[in-house]
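Protein chains: 4
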Amino acid sequence: MSFASDNWAGAAPEILDAIIRANDGAAPGYGGDTLTKKVEAKFAEIFERDCAVYFVATGGAANGLALSVMTPPYGMVLCHEESHVQMDECAGPEFFTGGAKLLPIAGENGKLSADAIRKTLKGFPHRPPHGAPASALSLTQGTECGTRYSVDETSVVCAAACEAGLSVHMDGARFSNAVAASGASPAELTWKAGVDVLCFGGTKNGCIAAEAVIFFDRHRAMDFEFMRKRAGHLWSKMRFIAAQFDAYLEDGLWLKLASHANAMAQRLSSGLAAINGVSIMYPTDINELFVTFPDGVADKLRDGGDIFYPWITPGDPADGRGHRLICSFRTTEEEVDEFLERVRKVCD
Amino acid sequence: MSFASDNWAGAAPEILDAIIRANDGAAPGYGGDTLTKKVEAKFAEIFERDCAVYFVATGGAANGLALSVMTPPYGMVLCHEESHVQMDECAGPEFFTGGAKLLPIAGENGKLSADAIRKTLKGFPHRPPHGAPASALSLTQGTECGTRYSVDETSVVCAAACEAGLSVHMDGARFSNAVAASGASPAELTWKAGVDVLCFGGTKNGCIAAEAVIFFDRHRAMDFEFMRKRAGHLWSKMRFIAAQFDAYLEDGLWLKLASHANAMAQRLSSGLAAINGVSIMYPTDINELFVTFPDGVADKLRDGGDIFYPWITPGDPADGRGHRLICSFRTTEEEVDEFLERVRKVCD
Amino acid sequence: MSFASDNWAGAAPEILDAIIRANDGAAPGYGGDTLTKKVEAKFAEIFERDCAVYFVATGGAANGLALSVMTPPYGMVLCHEESHVQMDECAGPEFFTGGAKLLPIAGENGKLSADAIRKTLKGFPHRPPHGAPASALSLTQGTECGTRYSVDETSVVCAAACEAGLSVHMDGARFSNAVAASGASPAELTWKAGVDVLCFGGTKNGCIAAEAVIFFDRHRAMDFEFMRKRAGHLWSKMRFIAAQFDAYLEDGLWLKLASHANAMAQRLSSGLAAINGVSIMYPTDINELFVTFPDGVADKLRDGGDIFYPWITPGDPADGRGHRLICSFRTTEEEVDEFLERVRKVCD
Amino acid sequence: MSFASDNWAGAAPEILDAIIRANDGAAPGYGGDTLTKKVEAKFAEIFERDCAVYFVATGGAANGLALSVMTPPYGMVLCHEESHVQMDECAGPEFFTGGAKLLPIAGENGKLSADAIRKTLKGFPHRPPHGAPASALSLTQGTECGTRYSVDETSVVCAAACEAGLSVHMDGARFSNAVAASGASPAELTWKAGVDVLCFGGTKNGCIAAEAVIFFDRHRAMDFEFMRKRAGHLWSKMRFIAAQFDAYLEDGLWLKLASHANAMAQRLSSGLAAINGVSIMYPTDINELFVTFPDGVADKLRDGGDIFYPWITPGDPADGRGHRLICSFRTTEEEVDEFLERVRKVCD
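Protein chains in written order, with UniProt numbering: chain A, 1 to 348; chain B, 1 to 348; chain C, 1 to 348; chain D, 1 to 348.
Everything labelled a hint here was simulated from the structure, so no lab data went into it.
Computed from a prediction, not measured in an experiment: that's the story for all the values here.
Do not take every clue at face value.
What the hints assert, rightly or not - Dumping the calculated SDA-like pairs for lysine to any residue here, alpha-carbon to alpha-carbon at most 20 Å:
1. K119(C) to G320(B)
2. K119(B) to I312(C)
3. K122(D) to P310(A)
4. K119(C) to E108(B)
5. K192(D) to A52(D)
6. K122(B) to G315(C)
7. K192(D) to S113(D)
8. K122(A) to Y309(D)
9. K122(B) to I312(C)
10. K38(B) to D50(B)
11. K122(B) to G320(C)
12. K119(D) to G320(A)
13. K122(D) to G107(A)
14. K345(B) to D306(B)
15. K38(B) to R21(B)
16. K119(D) to P314(A)
17. K345(B) to I307(B)
18. K345(B) to S279(B)
19. K38(D) to A52(D)
20. K37(B) to R218(B)
21. K119(B) to D316(C)
22. K300(D) to L340(D)
23. K300(A) to L340(A)
Put together the whole structure using the sequences plus the hints.
Set out below in structure tokens:
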């Protein structure tokens, strides 16, 4: 059984159907097609305001390109020390921004606090042109630790950035899971709380390759089209990303898929927590959880065919003993229960 | 009727079928899946040698990433002045390579000659570290002018590069059309003629988004995986690019689609050439042609709903009066004939 | 006898004296000292207007940094195909700008014409975001071919750039020689004619290492201080560059040194032109000249200890047979005459 | 009285004399002169081994360029969170390396420990190509906190880097002060302890603008000349940097100047430590010290004309209450004693 990653799960059938439908007839390239226009408008509706929307195929591209128009090349971007932009993009943000500095900040449960941001900034007094001036804050929603920021937490953290003149980027590779878990609206979790640019992910939650970079203020997006093009991220057959989002946003499919994945993670988390010797490392807010097993248990599970990755990070509370388990829109209750059964046996 | 671009055509049904098939079950991400491995092996077969193969979604990414491991950031890449890398990627190669210099060279019919390359290099004597040392040559096959290099032409041009210590990159966004038109084997048109790295395009010829960067010498590819990842071009659900190539390479589909597009362009070219006042600007070797119409004709055709773009380039032989017409795997004989009929009427 | 380069000549005594004087007492670093402020003001006086002035130590830094704030990283900078930015800075402008494209343009005598600029731009129609948008024009005054633009020529060329929305950069590594030769004022040759940013060189004309980047509109310079700092070009002991300029601008020393170098080049040029079989390749406007000798002559001169470099460039009118001879503020009439005598003997 | 920075101090007379001497006659540019060759050889002697030596004018350039050939653009460079490369170069290392990631690490007294390095690396498990692979460690000797690494400390820290496959860069802007204070040989403090590349500073210790990048293994330096040139850091009149080092290394001038500055800092440190309410924040190993004063004292001293900067950093042990005082080769005993006297009065 694989709890390796939500990107192992393939695509939701609705997404594939939409791709097939979108193939009908000729359509202008590079986003000039009507479907792309339609879906851009859908985003405006979901976020309850006019916004500039750009599609790309990967989360790394979305984050890097978003940051590339949010910071000068000599700027500094604050982020969590376990964030994807810091840990998992092979120095992509530095590449896309032309060499901006990423400043990793520690924080419990994968989250940044307003205090941590203020304290950090205090250590970087304004000394132009010596220090790289802090230009942006990058938040992750839901976080790499399977947690999420509440609306209040988001507002408070954004306020700390805003008071220092930083704009706020949100890596929303698992934004759908965070929204589904929170009950808050997409608008409340983003621009109403102070987020300037959101990378809205579809890939991890049932799309093939579909990410949207959403600028809540169009003026910030001025250079984006050029930056996307030169980075090779402007699709000629753009309608096939648009089609994915068309289905994804239709009738709340995105939240339905995310809710299911979240529920499976909850079930798995509760089940594991009840097993002697198994510990859950962080609150299970979304569709991933992090656990420590008694010695030898993880190896035995893997020998039995279960797939999940060790979880080792800079701020590691388990000192290298953690494991990450991710549920997806495709994970079933039966799979979860079977796995729990196996863990129970091995732990006995 | 649209002759705007082969990327307006959408996807071939076999490609979509393959995507749907590939969705079955969980699969490791980032190219660790069996389908990716299988398709990489298929490329080795088609090119008759071991090679390193990497998938990306766009031609601009393929070219930029390929060049990024073929030149140091202070190097110089020779290319045709009308090539895609020079004209249509928004300074992408400069971005991917960390600032290498592109040197545009003129040449008839979109092609570089060995003489032009030698003459150019003569004007850049070796003066380290003052001049950016010439590091690579970029060829386009088929060219932006709808022509192609024969095997002999390729060999001769590569030899001029090789004798100066340059490695050879081939932008093969329309490689399929060139192969289909030439009757030569993929191997003969590439590594046997001196090409080091090929960007093998699928997108313009019936795929959704599928390009393969092929290193005929694995050693050259050493850094590629890191460069692709940091540029946001490593797909998590890689199997969906692999699936496209799986179908594309199966039973020669790629050549079948390309041959059809080529034939439609031939039909269109012959038909137009026979019309009074219409001139064909370059030999019609592949699936695109370039024409000048009598005054007012192009506007009337566009007013009537036909879609094609003006063709204006640095080495423009028509001084701004040319138009580009592209056929795709989806173009039908009827469409061609209908359009020809319309042109005849308008030209009368 | 060395006619190798004006940078072989060392420093003028006045420059060294000023450095020694500047060493008196403590002074704030990084340009916060009074001498730097004073010299910045001197530039405003010489150019008859308020301007932002920044010092760096090399011409390559001046050009690259100036361009880095004049073009977005995806922009295109037009320049002469034989210009220093294109030929002699090891892809520095591409590095400093974060990957902007340099577009080399041919032109007689090292000069760009308005026609050539207009014709070039015509081949690059506005197609955002595909082509890199033309953002700046770089002129060289005096040119790499030892010629100079008159005030009228400068105005006409700048107008061609301006009408296309390009800003104008002037590489003035030998600006002093051009001013001295022209009789026009610094203002007339720059901002009054349409130049936006001037790199004003001191190094080749008697300074040790002193170049000033002058923005005639302060607003354009906004990011410059950060770009200079991150590129390692902000001197901590800035007063020692300021001191060089202080002496250089005092009592017209810069024009006196340049006039002398120009006069020596004139003397050399006239002398050589009178020798049978020696040809002067371009007009000798400033302090360098380019000649072809009868076969074997250059080698014999070099064997006899004379030093000068072959002149091989992309637009080479002598097909590899040219040589460059440069005079400096230190070149004497006796040296010129002795050399002429030797050439006469060898040519006999 | 200024304790603002060692770069306020100007140049030592011997350095100026050498510059004047070096001006005699013509000399090849770009480091082809005999003086440059001679001084390169001097460095080999001082470091007791063959090495590749390159001169630049600023410490930021030295560090950035050194790192640019020590890490791929997608690599990660470990450094102290208070180091110059992290705090004071405006994201220069990210620029020079083409986007490598700097990873700041905390450590007492401005120093990194082997434990901290090992613990940090443990949090970045090898997951190519996702995480930016750790490629280099950057140490600062003497540190930004006025401390220094002993030979043993250096060896132990380098070993932790070496065992993880990292190469070691040493920012030696105040290397002279560290050597003078340690009594160890330059070789013992660098390559014998495991340092691969040293940026040897002259500017802060009596030169005008002179830094040497020293590769203890020539093979590592392969691309350096190109990288330096394209970054505008290759001086045409290189002899004037060489001349500074010529004098600086002659008869141990570099150590004499550094010893004096160190001694003045010691005197100042002891004096201040004896004053009621004044605390010294770190051990005073070299020529700078960091102090906290009783409330109001710093302001009164500044009002009285004394100059020194507040000291605020990420790992700030004084929570924003610290001040930095730097002595230079020019600081006199009288100046120190006068200042101490004033502090005593104000503190009374």
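Structure-based check of each hint:
no., hint, verdict
1, K119(C) to G320(B), "holds (11 Å)"
2, K119(B) to I312(C), "holds (12 Å)"
3, K122(D) to P310(A), "holds (13 Å)"
4, K119(C) to E108(B), "holds (18 Å)"
5, K192(D) to A52(D), "holds (16 Å)"
6, K122(B) to G315(C), "holds (10 Å)"
7, K192(D) to S113(D), "holds (18 Å)"
8, K122(A) to Y309(D), "holds (16 Å)"
9, K122(B) to I312(C), "holds (8 Å)"
10, K38(B) to D50(B), "holds (13 Å)"
11, K122(B) to G320(C), "holds (8 Å)"
12, K119(D) to G320(A), "holds (11 Å)"
13, K122(D) to G107(A), "holds (18 Å)"
14, K345(B) to D306(B), "holds (14 Å)"
15, K38(B) to R21(B), "holds (15 Å)"
16, K119(D) to P314(A), "holds (8 Å)"
17, K345(B) to I307(B), "holds (17 Å)"
18, K345(B) to S279(B), "holds (16 Å)"
19, K38(D) to A52(D), "holds (13 Å)"
20, K37(B) to R218(B), "holds (15 Å)"
21, K119(B) to D316(C), "holds (11 Å)"
22, K300(D) to L340(D), "holds (14 Å)"
23, K300(A) to L340(A), "holds (14 Å)"
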